[in-house]
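Please work from the sequences and hints to get the whole structure.
These protein sequence lines map, in sequence, to chains S and H.
So for the first sequence, this note's numbering puts the first residue at 1; every next one is plus one.
So for the second sequence, this note's numbering puts the first residue at 1; every next one is plus one.
If you're looking for bench data, these hints aren't it; they were derived computationally from the structure.
Where hints are given, some of them may not hold.
For the chain H half of the interface with chain S, some residues (derived, Cβ under 8 Å), not all of them [as the list claims (entries may be wrong)]:
1) E14
2) V16
3) T17
4) L18
5) L43
6) T45
7) E47
8) L48
9) F74
10) L83
11) L85
12) Y86
13) L181
14) E186
15) M189
16) A192
Taking lysine to aspartate or glutamate and the DMTMM-like style, the derived pairs with C-alpha atoms no more than 25 Å apart in a straight line are [to be verified]:
17) H:K41 - S:D72
18) H:K41 - S:D85
19) H:K41 - H:E175
20) H:K41 - S:D126
21) H:K41 - S:E62
22) H:K41 - S:D123
As the structure is a computational prediction, the values presented were derived from the model and not from experiment.
Glycine residues also receive a C-beta, built at the ideal position from the N, C-alpha and C atoms.
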Amino acid sequence: MSADGQESAHFFDADAGPVVRPYAMTRGRTTSPAQHRLDLIAVVVAESRAHDPGADQTLSPEHVDIVALCRDTPQSVAELAAELDLPIGVVRVLIGDLVTAELVHVTRPVPPAELPDESILRDVIDGLRAL
Amino acid sequence: MIFGRPERGTTPVEPVTLKILVAGGFGVGKTTLVGAVSEIKPLRTEELLSEAGRPVDDTRGVETKNTTTVAMDFGRITLREDLVLYLFGTPGQDRFWFLWDELATGALGAVVLADTRRLEDCFAAVDYFERRAIPFVVGVNCFDGADRYPAETVRQALDLDASVPVVLCDARERETVKHVLIDVVEHAMAVAAAGRVPAST
Ligand SMILES: Nc1nc2c(ncn2[C@@H]2O[C@H](COP(=O)(O)OP(=O)(O)OP(=O)(O)O)[C@@H](O)[C@H]2O)c(=O)[nH]1
Ligand SMILES: [Mg+2]
Numbered sequence: 001m002s003a004d005g006q007e008s009a010h011f012f013d014a015d016a017g018p019v020v021r022p023y024a025m026t027r028g029r030t031t032s033p034a035q036h037r038l039d040l041i042a043v044v045v046a047e048s049r050a051h052d053p054g055a056d057q058t059l060s061p062e063h064v065d066i067v068a069l070c071r072d073t074p075q076s077v078a079e080l081a082a083e084l085d086l087p088i089g090v091v092r093v094l095i096g097d098l099v100t101a102e103l104v105h106v107t108r109p110v111p112p113a114e115l116p117d118e119s120i121l122r123d124v125i126d127g128l129r130a131l
Numbered sequence: 001m002i003f004g005r006p007e008r009g010t011t012p013v014e015p016v017t018l019k020i021l022v023a024g025g026f027g028v029g030k031t032t033l034v035g036a037v038s039e040i041k042p043l044r045t046e047e048l049l050s051e052a053g054r055p056v057d058d059t060r061g062v063e064t065k066n067t068t069t070v071a072m073d074f075g076r077i078t079l080r081e082d083l084v085l086y087l088f089g090t091p092g093q094d095r096f097w098f099l100w101d102e103l104a105t106g107a108l109g110a111v112v113l114a115d116t117r118r119l120e121d122c123f124a125a126v127d128y129f130e131r132r133a134i135p136f137v138v139g140v141n142c143f144d145g146a147d148r149y150p151a152e153t154v155r156q157a158l159d160l161d162a163s164v165p166v167v168l169c170d171a172r173e174r175e176t177v178k179h180v181l182i183d184v185v186e187h188a189m190a191v192a193a194a195g196r197v198p199a200s201t
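Spelled out as structure tokens, the structure:
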């Protein structure tokens, strides 16, 4: 989006192109104050007021896509990244924006370095057996 | 993409999510294993990593590149409406997957898939989980035509702690993969019960 004609060579470098360019969507931000380093399996849930995110002019199409995907079924960060075909880091920043805008909230997975309750692990084993 | 209309007044269930990693050498069957039990076709997710943490065993030709892409494929098993297990398979051709430390953070445990014809390919994964004290089991993927080594031989060759389960499996067979995953969870419980005593060396 720079005004001069030199950016194409720079941005579309064979190495950097497809991977770096998505960060333009986040205006170069790689972190977001609200993101608390979202885990890949943290679940993003749309707030009920988020039924028409398209009306919010400050949101990018990618923001709107995320809200739309989460509205029916809460989605993990990894699923959103795969669905939108964006790097995890980009999706994290976008989710952080949406959390700040109170359009979504994020459930925290089990804290790192802590195993879930034994009862949850039992449930996992039973669930796997029943598959 | 198709989105149904949200049903007003229903609160979506916010599931508890857990993850198990699947690691091992190139072409050992990680994606096959994930696909054998996943309810979705394995999806792919990527992250950019800076070169800062990259091992410096190969500096030639990388000077101009500041980032590297690490990709994982993953699958999902909905055990209950409110309990979802994700499986993340590391790509074997990617030498740098282990830089993606946060992937392992919070993981319930891991499966290290091994092929007896080239056991050394899984050394890096075994080291990684041992160092981070992440409970793991070794799944010996029984390819047709490969010798069937007893689990004990594999354990010795990998110099595994006696408590680490070694199980024979076929990554294509849903039933055996289920059992490998159950072994991971049971092993994680046993490790937790043992008070997280670090593996003896
Ligand atoms: N005979 C046999 N073939 C297998 C088994 N597991 C995997 N394969 C085959 O081995 C090949 C590689 O399997 P993948 O699942 O792609 O291996 P991977 O570990 O994900 O490979 P990378 O991601 O490239 O490292 C595929 O053609 C599989 O069909 C097995 O248990 N027995
Ligand atoms: Mg694979």
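| said: Hint T45 of chain H vs chain S: min CB-CB distance below 8 Å? | reply: holds, 5 Å
>> Run the distance test for K41 of chain H versus E175 of chain H: straight-line Cα separation, threshold 25 Å.
In response: holds, 18 Å
Q.
Interface hint check: V16 of chain H, Cβ to nearest Cβ on chain S, cutoff 8 Å. Holds or violated?
A. holds, 6 Å
Using Cβ atoms only, decide whether E186 of chain H comes closer than 8 Å to chain S, and label the hint accordingly.
-> holds, 7 Å
Practice prompt. Classify the hint on L83 of chain H as holds or violated, based on whether any CB of chain S lies nearer than 8 Å to its CB.
Written response: Given a least distance of 6 Å, the restraint on L83 of chain H holds.
**Request:** Verify the proposed pairing of K41 of chain H with D85 of chain S, using a straight-line Cα cut of 25 Å.
**Result:** The hint holds at about 15 Å.
| Can we keep the F74 of chain H interface hint, with Cβ of chain S closer than 8 Å? | holds, 6 Å
Next item on the list: Could you check if M189 of chain H really has its C-beta closer than 8 Å to a C-beta on chain S?
Entry: holds, 5 Å
Does the interface hint hold: is Y86 of chain H within less than 8 Å of chain S, judged Cβ to Cβ?
Holds, because the Cβ-Cβ distance from Y86 of chain H to chain S comes to roughly 5 Å (cut-off 8 Å).
Just to be careful: measuring from the Cβ of L43 of chain H to every Cβ in chain S, is the smallest value less than 8 Å?
Holds: closest Cβ of chain S sits about 4 Å from L43 of chain H, inside 8 Å.
- Hint check: 8 Å Cβ-Cβ cutoff, T17 of chain H to chain S: Constraint on T17 of chain H satisfied, holds at 4 Å.
Hint status (Cβ of A192 of chain H to nearest Cβ of chain S, threshold 8 Å): Check passed: Cβ of A192 of chain H comes within 5 Å of chain S, closer than 8 Å.
No hint from the list above goes unmet by this structure.
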